[in-house]
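**Student:** Since the structure of chain V is already known, use the hints to place chain W on it.
2 protein chains.
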Amino acid sequence: MSFNPEGVTRRSFLGMVGAVAGAAAMYSAMSTMGFASQSNWRGRLNLQGAPDNTNILILGAGLAGMTAAFELRNAGYNVKVLEYRDKAGGRCWTLRGGDSYTELGGFTQHIDFAEGNYLNPGPWRIPSDHFAVLDYCKRFGVKLEPFIQVNYNAYLHDSEAFDAQPQRFKEVATDFRGHVAELLAKVVDQQGLDEAVSVEDAEKLVAALKRYGALNDNLDYITGSESSTFRGWSHPEGGGVDGKPEPSQVNSLSEILNSTLWRNLTTGDNLHMQSTIFQPVGGMDMIAKGFEEQVGELITYNAKVTRIRHEGDQVTASWISADSGSNEQTETADYCICTIPFSVLSQIDHDFSPRMSKIIDSMPYASAFKAGIEFKRRFWEEDEHIYGGISYTNLPITLISYPPYNMFSDGPGVLLAAYPWGAYAYQFNALSPEERIDKVMEYGSQIHPQYYDEFKTGASVAWHRVPWTLGCYGLWQDREADYQDATAMDGRTLMAGEHISYLPAWMEGAVLSALDAVERLHTTITEI
Amino acid sequence: MSFNPEGVTRRSFLGMVGAVAGAAAMYSAMSTMGFASQSNWRGRLNLQGAPDNTNILILGAGLAGMTAAFELRNAGYNVKVLEYRDKAGGRCWTLRGGDSYTELGGFTQHIDFAEGNYLNPGPWRIPSDHFAVLDYCKRFGVKLEPFIQVNYNAYLHDSEAFDAQPQRFKEVATDFRGHVAELLAKVVDQQGLDEAVSVEDAEKLVAALKRYGALNDNLDYITGSESSTFRGWSHPEGGGVDGKPEPSQVNSLSEILNSTLWRNLTTGDNLHMQSTIFQPVGGMDMIAKGFEEQVGELITYNAKVTRIRHEGDQVTASWISADSGSNEQTETADYCICTIPFSVLSQIDHDFSPRMSKIIDSMPYASAFKAGIEFKRRFWEEDEHIYGGISYTNLPITLISYPPYNMFSDGPGVLLAAYPWGAYAYQFNALSPEERIDKVMEYGSQIHPQYYDEFKTGASVAWHRVPWTLGCYGLWQDREADYQDATAMDGRTLMAGEHISYLPAWMEGAVLSALDAVERLHTTITEI
Chain V
1 MSFNPEGVTR
11 RSFLGMVGAV
21 AGAAAMYSAM
31 STMGFASQSN
41 WRGRLNLQGA
51 PDNTNILILG
61 AGLAGMTAAF
71 ELRNAGYNVK
81 VLEYRDKAGG
91 RCWTLRGGDS
101 YTELGGFTQH
111 IDFAEGNYLN
121 PGPWRIPSDH
131 FAVLDYCKRF
141 GVKLEPFIQV
151 NYNAYLHDSE
161 AFDAQPQRFK
171 EVATDFRGHV
181 AELLAKVVDQ
191 QGLDEAVSVE
201 DAEKLVAALK
211 RYGALNDNLD
221 YITGSESSTF
231 RGWSHPEGGG
241 VDGKPEPSQV
251 NSLSEILNST
261 LWRNLTTGDN
271 LHMQSTIFQP
281 VGGMDMIAKG
291 FEEQVGELIT
301 YNAKVTRIRH
311 EGDQVTASWI
321 SADSGSNEQT
331 ETADYCICTI
341 PFSVLSQIDH
351 DFSPRMSKII
361 DSMPYASAFK
371 AGIEFKRRFW
381 EEDEHIYGGI
391 SYTNLPITLI
401 SYPPYNMFSD
411 GPGVLLAAYP
421 WGAYAYQFNA
431 LSPEERIDKV
441 MEYGSQIHPQ
451 YYDEFKTGAS
461 VAWHRVPWTL
471 GCYGLWQDRE
481 ADYQDATAMD
491 GRTLMAGEHI
501 SYLPAWMEGA
511 VLSALDAVER
521 LHTTITEI
Chain W
1 MSFNPEGVTR
11 RSFLGMVGAV
21 AGAAAMYSAM
31 STMGFASQSN
41 WRGRLNLQGA
51 PDNTNILILG
61 AGLAGMTAAF
71 ELRNAGYNVK
81 VLEYRDKAGG
91 RCWTLRGGDS
101 YTELGGFTQH
111 IDFAEGNYLN
121 PGPWRIPSDH
131 FAVLDYCKRF
141 GVKLEPFIQV
151 NYNAYLHDSE
161 AFDAQPQRFK
171 EVATDFRGHV
181 AELLAKVVDQ
191 QGLDEAVSVE
201 DAEKLVAALK
211 RYGALNDNLD
221 YITGSESSTF
231 RGWSHPEGGG
241 VDGKPEPSQV
251 NSLSEILNST
261 LWRNLTTGDN
271 LHMQSTIFQP
281 VGGMDMIAKG
291 FEEQVGELIT
301 YNAKVTRIRH
311 EGDQVTASWI
321 SADSGSNEQT
331 ETADYCICTI
341 PFSVLSQIDH
351 DFSPRMSKII
361 DSMPYASAFK
371 AGIEFKRRFW
381 EEDEHIYGGI
391 SYTNLPITLI
401 SYPPYNMFSD
411 GPGVLLAAYP
421 WGAYAYQFNA
431 LSPEERIDKV
441 MEYGSQIHPQ
451 YYDEFKTGAS
461 VAWHRVPWTL
471 GCYGLWQDRE
481 ADYQDATAMD
491 GRTLMAGEHI
501 SYLPAWMEGA
511 VLSALDAVER
521 LHTTITEI
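In the order they appear, the protein sequences are chains V and W. The opening position of the first sequence corresponds to residue 1 in our numbering, with each subsequent residue numbered one higher. The opening position of the second sequence corresponds to residue 1 in our numbering, with each subsequent residue numbered one higher.
Chain V with its partners taken away, still in its complex shape (with noise of 0.2 Å):
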C-alpha cells in the first residue's frame, strides 16, 4: 500500500503510524493533530548552564515566585527571594484554629476552628487541566483528593420565589432542561425548523432530545416516571411492600424563569469547575509547603520591600523589617522577578518605566469574600444529605460550600458559608468581623434553619482589607492594549503572578507565569 495523503483517512494514517511506531509515537500523532488537548504548560522545565555567579532576585514568595526560585536556583543561580510576611505562600493559604490574622484597619481574629477543619480564603481548587500545578503536587508530594464542584442535592435558593424555600440542584437542572427539550423537540417535530434542521437530521434531533430531557413517548416534559428518573420521587424507589415510587411533581417553566434559578445551572460545566477536580488534603497551603520545603532556605520573611531601582547592569531592592520597620536593607542582584501585586507595587517607590508604571497603576484588584463557619455538626450531611458542593443563592452570600473532606464524621465541620464577589463583597468588607459573621448568620440561615443551634465560630477574609495584596486579583483594563508590555523585560525586571496570565486569579496562572518570566530570562541570559 502506497502512502497517498490525499486518500488517506485520520483513522488509517493513525493506524499506519500506530503499526509502525507504537502508541508513544501514535498518542503524539494525536495531539497534532488535535484530538488531544494540550496544555499552555509545556512540561517540566530543566534549565541547565546557569553563568557563574549569576544573581536572581524574587520579590514576594507566593506560587509564582517560588516556582521561579525553584526552577532558577534548579539551573545554577544564585537565588534570593524577599517575602513580606512570615510564611510564604501569598493567597494559597489557610486558616486554622491557632491561627491569627490581622486585617488592614487593625481587626485581629483569633481563629478557633477544631483541629482538622479549615478555611481556604483564596484559590480552594484544582482543575484536572490545570497541569503545572498538579505537575509540582506530584513532585513535592502534595496529596489530593476530589474536590465537589456540583451535588444535584444541593440547593438553588431565591428568596423571592418558589415561597423563598430551597430547591434541589436536581429538580431545577432537570426541569429546565426538559422543558427546554420538550419545546424544541415538539416544534422540530411539526417541521418548524426546515430551514436550520434538515429532514434527516430532525428525526435524530427529536430522539435525541427525548432522552436529554426526559420526555415521554408524547414528547411532553410532565409529572412521570421519565422525569423523575432524573429529579427524583416524591416517594422513592425502595425494598419490600412498599418499594413502588411515586412520581415527583415537576416545576414549570415559568416557575424557574421567574426566579434566578436557572443562573446557576451550568456554573459547574464551566471549563474551571468541571469534575474532575481536585483539592489538596488537609488544606489549599499544603501546596504553598510543598514549595516551601524546597526553596524555603532561599527566603528572607518579613521583609517588606520600600524601593526597587535600576542601576547599570544591576537591580537593587530596599527592604525593612515588615514587623518592626526596623533599618533598612538591600539586595542586590543581575536580574529581578517581580510577583508583588500591582495593587501593592503601585504603593512602592520604583523606577519601573512610564509605560510599566501605567500598566501597575492602572490595574484594580478584584472584591471578595469569604466567610468560614464552624458548626457543632455536620447537619447538611445528617439532615439534608448534601455531601459536599455548593448551594446558591440570591442573598449576598452568593454561594454556601459544604466540605468535601472528613464527609460522613461526627463532630464540628466548617461550611464556606459566603463567597460574594464585586456590590455583594463590599458590603461584608465594610463590616467587623464580627457584624460579618453575624450577617452571614442571618443570610444562610434562610437556606439552613439549622444555623443558629448550630453554630460554633467564624473566621472571614474581606480581600479588599488583606494588607498585602489589598485585593483578590488583578483585573485588566485593557489586556489587549497592555498585556504584551507587562510581560516584557523592564530594566532587569520581568513580572510575574497570576495577574501576568489569562488565568487570573487561578494558581495555574500564577505558576504559568513564572515559568514562561523563567524560561525567557534564562535565555536572554545565556544568549548574552
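Check each hint, because a few of them may be wrong.
It does not matter which identical chain is meant; a pair holds if it fits inside one copy or across any two.
[To be verified] With a straight-line cut-off of 30 Å between C-alpha atoms, the simulated DSS-like cross-links for lysine-lysine are:
#1 Lys289 x Lys439
#2 Lys456 x Lys138
#3 Lys376 x Lys244
#4 Lys186 x Lys210
#5 Lys87 x Lys138
#6 Lys204 x Lys186
#7 Lys289 x Lys186
#8 Lys204 x Lys304
Rather than coming from a laboratory, the hints here were simulated on the basis of the structure.
**Tutor:** Quick look at chain W alone, frame taken from chain V:
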C-alpha cells in the same frame, strides 16, 4: 396574629414554626411539606422484645441476609445464616491479587493485580440518597471516598463517527447544549412560540438560553470565547507572553446527531449516578466485611441449600457442603428469610406456594459482563489527563471507567475496561476468560492506543456464569402483577434481596428489602 391556614403562605408558616419550636421542628415541618427529600429508608431499626427461643433461619449471607441477621439478632432472636460460598457479601464482591475465581463451565482465574488494585465485579458506587447503605457504612466504620461518575475530560467514542476518534465529553456536551439552546432561542426570539411561552416569559427564556448554551450576543452557538469557556480552547489560557487563548472549533449539530455520542450526555444526570456519589476505600467488599464483622459468627459457610420444607409451624432447610457434597444436614427454625436469587432458588427443591413458585420461575436474570485490565502505568492520567470518570463507546465493551482511587500514583492501575449488558454481554459470556481479555484489548485499544504497550494482566466476570447467582440481577416480567405477592409471607418464609425491590441491582434495594422483611416478621411474631 391569629393562625389562618388559608391566608398563611408556606414561608410564613415555616417562619412561625421556626420561631416557636427551633430548627429541628422547622426542618421536620419542611420535610412534611415536601421541601426536603425523604428516603424509603425509615431510619435505624431498633427492634425489641423478641419472644424467647424464637429461631430465624436466613438463607444467603449477601447484604440482604446479613442486614436481616444483624437486625434480628439485635432484637433478641436466635439467628442462623446458611451461605453457599466460603465468604459473605454475595454480589458485593471485590477481586484482588491472590484471589481465585471459578465460574460455571470450569474456568478458573487467578487474579494477579498489584497490591491495592482491584475490580468490583458487581456494585461499584453508592449514590448519596442510598441512605440505608450509607448508614451501615457509618455504623460499621466503612470508609467512603468520592466515586467519579462524570469526567468532562473522559471520552465519548463512536467507531463510525468523527473518524473513529474519541471526543472529549466537555466538547460534545457543550456543543449539543449550545446548538439546542441556539435553535430554541431563535424560535422564541422570533415569536415562534407564542402559544407555548408567554410574551413575558419569552424574553427571560432567551436570556436563560443564552447563558445555558454559551451563545454569543447574536444568539449563535459558534466557535468563539463563549463556547470555548465551556468546551475548552485550542490553545489554552496560560501565563506570560503566550498566555492568550485561541478558541476551539465547535462541532456541528449534524455531526453529533449522526453519531451515538449524544446517547450518554445525561447518564450522569440520572438519579442513581448523580454527584455526589461514593465508593468504599479499598473495594466494594469492605461493606461486606463490615457486616461480616458483626454477624460472621452466625454464618455457616460452604452450605449449599438443597431443600426447603414448611411443616407445621416450622421451616427446615437441608444443605450439603458446597465443596465436598458431603452428607446432608438440616436446619429448622420458626421462620425463614430467603435471600437466594430466584435464578438459583428455582433450581432448589422447595414447597413454596404455586403462586410464589410461579413468580420464582418467571424471573430471568440480567446479563452483564465486567473486565478489569491492569496496565503498567496510569497512561490515562499521565498522557490524557483523565482522572476517574467514564468513557462511553459504541463498541461491545460499552464503557471504560478510570479508577477514582490512588490517582496521581506511579505504577500499575486497573481500568474497568468493559461493562456491557444485554446482547454485548452475551458475546463475552461465550468466550473463555483469555479470549475475553483479548477482545477487550482489541476494542479498548481503539480508544487508548497505549493499551498493548502497557498491558499487564486482566480478569473478568460474566455474570451468567457466576455459580451462585446465574446472572446479574432479577428482571421482573410483570412487576405490577407479581411484586406484592412476592413480598408476602409464604408459609413461614419472607423473600428478600435486590429482586424484592424497586432498586434492582443496587445494594440499597437489597438492604431495604431486608429491613422491610425484618420489620414485618417482627410484627407478625410479636402480634401473635
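**Student:** All hints are to be evaluated individually against the structure, with a verdict given for each.
**Tutor:** Evaluated hints:
1. Lys289 x Lys439: For Lys289 and Lys439, neither the intra-copy (33 Å) nor the inter-copy (47 Å) Cα distance is at most 30 Å.
2. Lys456 x Lys138: Between copies only: 24 Å across, 36 Å inside.
3. Lys376 x Lys244: neither (37 Å within a copy, 46 Å between copies)
4. Lys186 x Lys210: both (10 Å within a copy, 20 Å between copies)
5. Lys87 x Lys138: within (22 Å within a copy, 38 Å between copies)
6. Lys204 x Lys186: Classified as both; 13 Å inside a copy, 20 Å across copies.
7. Lys289 x Lys186: Answer is neither; intra-copy 57 Å and inter-copy 52 Å both fail.
8. Lys204 x Lys304: Neither way: Lys204 and Lys304 sit 65 Å apart in one copy and 52 Å across, limit 30 Å.
The structure fails to meet hints 1, 3, 7 and 8 from the earlier list, while all remaining hints are met.
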